[in-house]
Amino acid sequence: MTQPILELKGVEKSFGSNHVLRGVDIDVAPGRSLVVLGGSGSGKSVMLKNALGLMTPDAGKILFDGKDVTKDQGKTREAMRSRIGMLFQSGALFDSLTVWENVAFRLLNADKVKRSDAKEQAIENLKKVRLGASVAELRPAEISGGMQKRVALARAIITKPDLIFFDEPTTGLDPITADAINDLILEQVKALGAAAVTITHDMASARKVADEIAMLFEGKIIWRGPASEIDRSGNDHVDQFVHGRADGPIQPSL
Amino acid sequence: MSDASTTKSGGFPNPLAWTGRGTLALFAEIGRLSMFSGRTALSALTPPWNLAQLWKQIIAIGFYSLPVVGLSAVFIGAALALNIYTGGNRFGAEQFVPNIVVLGITRELGATITGLMLAGRVTAGIAAEIGAMKVTEQIDALKTLSANPFRYLYAPRFLAAALTLPLLVLIADIIGVMGGWLVSVYALDFDSTTYIRNTMDFLTMEDVAVGLIKAVIFGMVIALMGCYQGSKSSAGATGVGRAATLSMVGAAVLVLAANYILSTFFVQIGI
Ligand SMILES: Nc1ncnc2c1ncn2[C@@H]1O[C@H](COP(=O)(O)OP(=O)(O)OP(=O)(O)O)[C@@H](O)[C@H]1O
Ligand SMILES: [Mg+2]
Numbered sequence: 001m002t003q004p005i006l007e008l009k010g011v012e013k014s015f016g017s018n019h020v021l022r023g024v025d026i027d028v029a030p031g032r033s034l035v036v037l038g039g040s041g042s043g044k045s046v047m048l049k050n051a052l053g054l055m056t057p058d059a060g061k062i063l064f065d066g067k068d069v070t071k072d073q074g075k076t077r078e079a080m081r082s083r084i085g086m087l088f089q090s091g092a093l094f095d096s097l098t099v100w101e102n103v104a105f106r107l108l109n110a111d112k113v114k115r116s117d118a119k120e121q122a123i124e125n126l127k128k129v130r131l132g133a134s135v136a137e138l139r140p141a142e143i144s145g146g147m148q149k150r151v152a153l154a155r156a157i158i159t160k161p162d163l164i165f166f167d168e169p170t171t172g173l174d175p176i177t178a179d180a181i182n183d184l185i186l187e188q189v190k191a192l193g194a195a196a197v198t199i200t201h202d203m204a205s206a207r208k209v210a211d212e213i214a215m216l217f218e219g220k221i222i223w224r225g226p227a228s229e230i231d232r233s234g235n236d237h238v239d240q241f242v243h244g245r246a247d248g249p250i251q252p253s254l
Numbered sequence: 001m002s003d004a005s006t007t008k009s010g011g012f013p014n015p016l017a018w019t020g021r022g023t024l025a026l027f028a029e030i031g032r033l034s035m036f037s038g039r040t041a042l043s044a045l046t047p048p049w050n051l052a053q054l055w056k057q058i059i060a061i062g063f064y065s066l067p068v069v070g071l072s073a074v075f076i077g078a079a080l081a082l083n084i085y086t087g088g089n090r091f092g093a094e095q096f097v098p099n100i101v102v103l104g105i106t107r108e109l110g111a112t113i114t115g116l117m118l119a120g121r122v123t124a125g126i127a128a129e130i131g132a133m134k135v136t137e138q139i140d141a142l143k144t145l146s147a148n149p150f151r152y153l154y155a156p157r158f159l160a161a162a163l164t165l166p167l168l169v170l171i172a173d174i175i176g177v178m179g180g181w182l183v184s185v186y187a188l189d190f191d192s193t194t195y196i197r198n199t200m201d202f203l204t205m206e207d208v209a210v211g212l213i214k215a216v217i218f219g220m221v222i223a224l225m226g227c228y229q230g231s232k233s234s235a236g237a238t239g240v241g242r243a244a245t246l247s248m249v250g251a252a253v254l255v256l257a258a259n260y261i262l263s264t265f266f267v268q269i270g271i
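Residue numbers (UniProt numbering), protein chains in the order written: chain A, 1 to 254; chain B, 1 to 271.
Next up, chain B with everything else stripped away, as it sits in the complex (with noise of 0.2 Å):
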């Protein structure tokens, strides 16, 4: 296929031809990602399950993620807090720093900087020990042993996302608002009581479940970008290195996309 192409035009590259291959090859790999997640989660959803490596692995992506996580959304919760103040200063809005900043990091916030803090750190480690596997034939060992690399290493680590991760935005919701609290009360001249109750009176239940639900989503893309980069990538160390960067990249602008979608489906069903 490539030849024709090439040939035709006589050695220069033909740029229809480039943009119809580039366009092929876009296909080609939605098309392999997608059989690759279809197969991981049919092994994640189907018996029998390896519950040793999905402890290992929940450990591993959902517990040594808690200070990431817990640092992020501080951090998040107070610029929000100090930026809502500032904003809302100007038409005399500021009393709605707590609603706002419950409302912003249940929705939105919470489950958006879970997934990406974590599209760094728990893909690109996925992707690099999945690749370093690949190449060093460990994966070919493993289906020589009948284990086979779906069951063994794709579907924990993506059962283990998907369920921790609404627990680590569970945690964020919690810290992210705290830092919020933290900066109205202690830079911002808010009474504490009355910031807790406007907090929660504020707070639904709907808008936690959204974050929720988000999570679980960014959780399956944040394992399936890893496993599936890795279990592609190339020889060397540039290959796992290359592997770990696509895969991070991928899984971000992923988490990004798919919360717009999510926040749109939400809205439309007015939740």
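Next comes chain A alone, as it looks inside the complex (with noise of 0.2 Å):
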């Protein structure tokens, strides 16, 4: 078996009395397509800011590359977030700078790539999630919400990342658009062999662009198979899940 590209062993984390992350333990294998599904606060976007560093777990360890990261602050986790790219839930686009210094940031700063070639890039990738080179020197307050997210996108995957976290690409967008960020996001695994973490409540997108599906459920990973099986998971949360059902085992906590 080769080794995860990132592993997370038993992670938790808690904010005051409200124990969101209860033991997660996932893997993702390079090159490999990860969907994770779960309700509305139980803890997705949590779970990854912990994976990126963002957050410091209470317990648990996260390996990235095999390399031990929970605490790091120094090269490794920089290396680490090097080869990562993150699309926020909410965009987090950079409000002071255009659409397409947002795109180029990593570029033009890290990278240290002239601001003419970062700018062509930044364009190819625009039209990578449908946007035109229109839209470019607009700043990001002047576009829609579903526009923020394909530069938000774009901006994710400029460098070609080996290991992709999307919070939510589809949210918010038309099932056309919808559809071609799917597409894109098999285009990041199959062509390029990037990992990728997704994060949605669409089940249509979940299909079509996951190897494999994990389910998390009060704090923990409950469920985990191929995307073929999730019809035929055997478990009742993932059930009412997939089939949006409001009654069933996952109730809301009032």
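If you're looking for bench data, these hints aren't it; they were derived computationally from the structure.
Below, computed lysine-lysine pairings styled on DSSO-like, alpha-carbon distance capped at 30 Å:
1) 127/A to 190/A
2) 232/B to 61/A
3) 190/A to 143/B
4) 220/A to 190/A
5) 112/A to 127/A
6) 127/A to 208/A
7) 143/B to 114/A
8) 127/A to 143/B
9) 160/A to 143/B
10) 112/A to 67/A
11) 128/A to 190/A
12) 9/A to 67/A
13) 71/A to 220/A
14) 143/B to 220/A
15) 114/A to 127/A
16) 143/B to 71/A
17) 56/B to 112/A
18) 128/A to 160/A
19) 71/A to 160/A
20) 112/A to 160/A
21) 75/A to 112/A
22) 67/A to 143/B
23) 232/B to 75/A
24) 232/B to 56/B
25) 143/B to 9/A
26) 143/B to 75/A
27) 143/B to 61/A
28) 160/A to 75/A
29) 9/A to 220/A
30) 128/A to 114/A
31) 71/A to 232/B
32) 143/B to 112/A
33) 56/B to 114/A
34) 112/A to 128/A
35) 143/B to 128/A
36) 220/A to 208/A
37) 67/A to 220/A
38) 75/A to 9/A
39) 9/A to 232/B
Hints in hand, dock the two standalone chains.
Pasting the structure below:
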């Protein structure tokens, strides 16, 4: 078995008395696409932020390429970040920069690429997310929410990272654009050999992009299997989620 | 830790525990602010520098503060001249107006007024901007894109403020003295040439330097408070608003406290 590019071992994270992650174990193999399902507020975004070192887990370990990066603040984590792309759920575009400067941010700052070259690459990547060169000079505040999401997506993939986190890439997009985004994720994985972790509520998207699907519930991964088995998981929680039923074992904590 | 102190006294807050917790929290806060300041200063003083960001901040902090600094200085200088004249009048010392105006402005008021005005204009602005970036995950995004917020955001603001404040204070000094001259010549019947000569005779490099050194420190305080409060802003518009208010009040108080400490220091060493 190849070494996973990312591994979370028993990761726990609480905010006060809110125990969000209660021992998450998951790993991602290089070049594979993993989709994580889970109800709203179940801690999916928190899981990604822990993996990226934006939050420090209360317990447990995070390994990137076999190296422990749980508490590392130095070179190892820097090296990790230069190989990871992240699409934030909110987009998190820099509102003081233009669209193309956002997309090319890493090229311009960390990689010291010439502005004209960086801009060219940015426009090329905007095309991949179905945005024309005409938006390049606009500010994030001047484009729609769905467009912002796609700009953020272009920013996450521009450096061809080895591992990409997509936090709800298709939320807020029309079905046609959403499907183009699915194709884009597939292209990253299949053509460029990246590993992808996609968080989504969109089952159509999950079925299309996933090699494997995992479900986060009450702070743990309660099921994991090949995407083809999602309809035969034998797990009530997964079934309820897949079919979007309000009645079942998953109930809102009121 | 919170459980132990409240449950022991059966639900009523124990005043000792409450005071203790407050003190601990204060020390923790001072510790965090010191760590933050240290990291910012280190990033500001060691390469690589982000010159594009630095230039942007010099314009934002220095250039756009010119009107507010100039206006404040002219009024302070004018009011100072008027008051010294009235006060001096009581024992026939009104001819000292130019001397005291230039001394008061260069050693004290030029720097203090600039510091206070920028605690409002610049600190609150920085805190709001950084706070908004924090709550919209832009600071997290910076980190994932291999940009260190200390180098990319905080250090340029810190450097820009520390570098431009002395220039602003120099301008405030000149305009402040001019304000005093205006009132003296046009309202108090001073002779313009004599007033200017007295001012020049009394003006010393040391007094100006005192103001400029203060300005460097004020610049650091102003940028640090804005960056620090912004960077720990809590979510939402209220969180960002609170960060802006806290930073502004903090910066203003710290500017005045630092001013007193520095004044004492300069007097002690005989400048
Ligand atoms: N910085 C934070 N401070 C305090 N609590 C937080 C923080 N971030 C997340 N939480 C809490 O953690 C829980 C999980 O949040 P998270 O954003 O991971 O949910 P999610 O699974 O991504 O949901 P959604 O599908 O709605 O995006 C929530 O209860 C939230 O209130
Ligand atoms: Mg989320």
